[in-house]
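What follows is the residue order along each chain.
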Amino acid sequence: MLIRRPTDLTYSDVSPKSVYTQRREFLRAMGLAGVAAFAGASAWRIGMPFDEVHATSKLDVATKSPFSTTEKETPYNDVTHYNNFYEFGTDKTAPAKNAQKFRTSPWSVSVEGEVKKPRKFSMDEILKIAPLEERIYRHRCVEAWSIVVPWIGFPFIELAKLVEPTPIAQFVAFESFFDPGQMPQAKYSGLEYPYVEGLRLDEAMNPLTLIGVGMYGETLPNQDGAPVRMVVPWKYGYKSIKSIVKIRFVAKQPPTTWNRMAPREYGFYSNVNPNVDHPRWSQAKERRLGEIFKRPTLMFNGYGDQVASLYNGMDLKKSY
Amino acid sequence: MHALLNSKWSKPAVFLLCLLPLMVLGWEALHGELTANPIEFITHATGDWTLRFLVVTLCVTPFRKILHLPELIRFRRMLGLFAFFYACLHFTTYIWLDKFFDLSEMWKDIAKRKYITVGFTAFLLLIPLAVTSTAGWIRRLGGKRWQQLHRLIYFSAALGVIHYYWLVKSAVIRPLTYGAIVAALLLWRLFASLSKRRQLRVDAVAVRPVLNR
Ligand code: HEM
Chain A
0 MLIRRPTDLT YSDVSPKSVY TQRREFLRAM GLAGVAAFAG ASAWRIGMPF DEVHATSKLD
60 VATKSPFSTT EKETPYNDVT HYNNFYEFGT DKTAPAKNAQ KFRTSPWSVS VEGEVKKPRK
120 FSMDEILKIA PLEERIYRHR CVEAWSIVVP WIGFPFIELA KLVEPTPIAQ FVAFESFFDP
180 GQMPQAKYSG LEYPYVEGLR LDEAMNPLTL IGVGMYGETL PNQDGAPVRM VVPWKYGYKS
240 IKSIVKIRFV AKQPPTTWNR MAPREYGFYS NVNPNVDHPR WSQAKERRLG EIFKRPTLMF
300 NGYGDQVASL YNGMDLKKSY
Chain B
0 MHALLNSKWS KPAVFLLCLL PLMVLGWEAL HGELTANPIE FITHATGDWT LRFLVVTLCV
60 TPFRKILHLP ELIRFRRMLG LFAFFYACLH FTTYIWLDKF FDLSEMWKDI AKRKYITVGF
120 TAFLLLIPLA VTSTAGWIRR LGGKRWQQLH RLIYFSAALG VIHYYWLVKS AVIRPLTYGA
180 IVAALLLWRL FASLSKRRQL RVDAVAVRPV LNR
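Chains A and B supply the protein sequences, listed in that same order.
At position 138 of the first sequence (counting the first as 1) the number is 137 in numbering that gives the first Met the number 0, and the numbers step up by one without a gap.
At position 95 of the second sequence (counting the first as 1) the number is 94 in numbering that gives the first Met the number 0, and the numbers step up by one without a gap.
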């Protein structure tokens with residue numbers, strides 16, 4: 000069902016309108032030939048409603064977090080209409096369209112492997128594992144664009160405490176939901192499914208690592224990984240796996256989807272690192288969505304204080 | 000069909016049709032539909048249309064022969080020039096909106112990134128073709144040499160496909176589709192020129208006894 004976004008959270012709450020209009024002004028000023036023919040139509044857009052997104056509902060957030068950045072949040076409309084979610088197509092605008100009918104309820108997440116208390120969590124149970132926090136994080140895609148998102152979730156460590164990993168567990172393996180019937184575009188994406196990701200146990204237990212259940216004060220829209228996803232802000236976006244159905248604590252480093260697809264281009268660690276280029280493009284700079292000029296990319300996406308110590312003694316050029 | 004293609008309105012009509020992708024882009028720009036990353040969107044749209052126009056231009060000759068519509072030739076130069084036009088827009092987007100006219104950055108990129116090296120070569124190859132697209136240049140070069148020069152379009156299209164193949168992250172199906180089309184067009188021409196040569200030889204054999212008599 001398509002509904003309008005509830006009016007209690009207006010667009011101007013999440014981003015000043017000027018960001019949006021600046022970009023439009025810029026595009027208009029670019030003077031592309033042919034644009035002039037449509038000059039009369041430009042007044043049209045002003046006051047038009049923002050794009051519709053799939054039904055989401057409000058989430059009550061207990062606490063704000065000291066880990067939040069004070070940077071300007073990316074407009075909700077951009078974060079919901081510019082997505083990489085290859086199960087629903089490889090174009091940036093495809094997930095917003097193709098994920099509309101994705102069934103995310105009922106949902107459960109199986110937590111298993113090297114744990115004392117393996118367990119299946121229903122979505123209701125997940126929402127009650129720990130008080131929900133809002134965390135405004137930078138999110139850096141491997142494609143050199145970035146956004147600032149007010150996530151809602153709780154630290155992964157809270158879930159780990161419930162299942163009690165054994166000393167054998169050294170890594171955590173994650174698996175996304177996959178159903179070719181609901182995701183017919185997946186077969187053209189060139190990736191193997193279900194999508195899998197992994198973290199070293201100490202990375203997963205870092206206080207920055209979140210289990211995300213919402214954003215912008217609401218549950219996650221389908222195209223952003225509903226109903227439950229990971230949020231690992233110092234790593235490239237594809238490490239923050241979406242629509243999780245399985246979490247396994249394991250002894251060995253698990254396979255990860257992009258690494259399997261092109262090992263030279265996507266490493267297991269995939270820490271944001273301006274000094275290690277992707278073989279085909281530079282990672283030194285990024286374009287924050289809504290901005291024209293690129294900005295320098297920060298080591299560990301600016302989260303070095305919290306995570307640099309995890310990699311002491313490692314050569315990050317080799318362990319990319 | 001022949002009358003339609005020969006009508007004096009057909010060229011202006013095709014011209015407007017070729018401008019349509021740009022007009023759609025302009026329309027989308029005015030309506031804020033260029034996604035959250037307009038620069039990427041414009042780069043991709045202009046790149047796509049460059050490749051599509053190269054392919055359409057390459058289709059003209061086979062379609063003339065197969066469909067027995069010789070008058071399609073009237074549109075070939077225009078289609079080729081539109082490929083060059085969209086390539087210029089694509090390159091302008093890159094140098095302006097991606098590199099902000101930082102030429103040293105651009106040269107570094109061209110030297111370092113294989114897909115840019117290849118795309119840039121594909122673009123350079125189109126320049127002599129655009130320059131020599133006039134009747135005057137055909138005369139100056141002579142039909143045969145002009146034709147040989149204009150075979151460069153194959154290299155340009157092939158490099159365009161490689162450029163595309165190298166820049167996608169995993170979804171190779173689209174560049175491979177373009178690759179298959181360009182390969183098919185090339186094979187058709189090879190085949191056509193081989194059978195033409197054989198035909199000439201057969202004709203020569205058939206003609207000789209007549210001459211000898
Ligand atoms: C005949 C010449 C060329 C053709 C046919 C061509 C074609 C294409 C195509 C089809 C795309 C992908 C569009 C998509 O993903 O939908 C593309 C992207 C791109 N092209 Fe070209 N191109 C050409 C020349 C160039 C040149 C000269 C440059 C720059 C020096 C360039 C830079 C780029 C860039 C930066 C991208 C986007 C890459 C990305 O998003 O990662 N291209 N081009």
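Calculated directly from the structure, the hints in this document are not laboratory data.
A hint or two may mislead.
To be verified - Below are the BS3-like pairs computed for lysine-lysine, each with C-alpha atoms no more than 25 Å apart in a straight line:
#, chain 1, residue 1, chain 2, residue 2
1, A, Lys96, A, Lys115
2, A, Lys317, A, Lys284
3, B, Lys111, A, Lys293
4, A, Lys100, A, Lys71
5, A, Lys284, B, Lys111
6, B, Lys98, B, Lys113
7, B, Lys98, A, Lys293
8, A, Lys91, B, Lys64
9, B, Lys111, A, Lys316
Said to hold, decoys possible - If you want the footprint, here are the derived chain A segments under chain B, 3+ residues with CB under 8 Å:
#, stretch
10, 188-195
11, 217-225
12, 283-296
Glycine included, each C-beta is placed from N, C-alpha and C at the ideal position.
Taking a Cβ-Cβ distance under 8 Å as contact, does the stretch 283-296 of chain A have three or more residues in contact with chain B? holds (count 5)
Under the criterion that the straight-line Cα-Cα distance not exceed 25 Å, is the pair lysine 98/B, lysine 113/B satisfied? 17 Å, holds
25 Å Cα cutoff - pair lysine 100/A, lysine 71/A: Distance ~31 Å between lysine 100/A and lysine 71/A Cα, so the pair is violated.
For lysine 98/B and lysine 293/A, compute the direct alpha-carbon distance and say whether it is at most 25 Å. Given that 25 Å is the threshold and the Cα spacing comes to 9 Å, the pair holds.
Does lysine 111/B sit within 25 Å of lysine 284/A, going by the straight-line distance between their CA atoms? Distance of about 16 Å is within 25 Å: holds.
Is the hinted pair lysine 317/A and lysine 284/A satisfied, with a Cα-Cα distance of at most 25 Å? At roughly 21 Å apart (the allowed maximum being 25 Å), lysine 284/A and lysine 317/A satisfy the hint.
Check whether three or more residues of the stretch 188-195 of chain A sit with their beta carbon closer than 8 Å to a beta carbon of chain B. Contact hint for the stretch 188-195 of chain A vs chain B: holds, 3 residues under 8 Å.
Between the stretch 217-225 of chain A and chain B, see if three or more residues pass the 8 Å beta-carbon test, and mark the coverage as holds or violated. Coverage by chain B is violated for the stretch 217-225 of chain A (0 residues, Cβ < 8 Å).
Between lysine 96/A and lysine 115/A, is the straight-line Cα distance small enough, at 25 Å or below? Not satisfied, since the Cα-Cα distance of roughly 41 Å exceeds 25 Å.
Compare the distance between the alpha carbons of lysine 91/A and lysine 64/B with 25 Å, and conclude whether the hinted pair is satisfied. 40 Å, violated
Compare the distance between the alpha carbons of lysine 111/B and lysine 293/A with 25 Å, and conclude whether the hinted pair is satisfied. Holds, at about 19 Å.
Between the alpha carbons of lysine 111/B and lysine 316/A, is the straight-line distance 25 Å or under? Cα-Cα ~18 Å, so holds.
Hint compliance for this structure: hints 1, 4, 8 and 11 are not met, and every other hint is.
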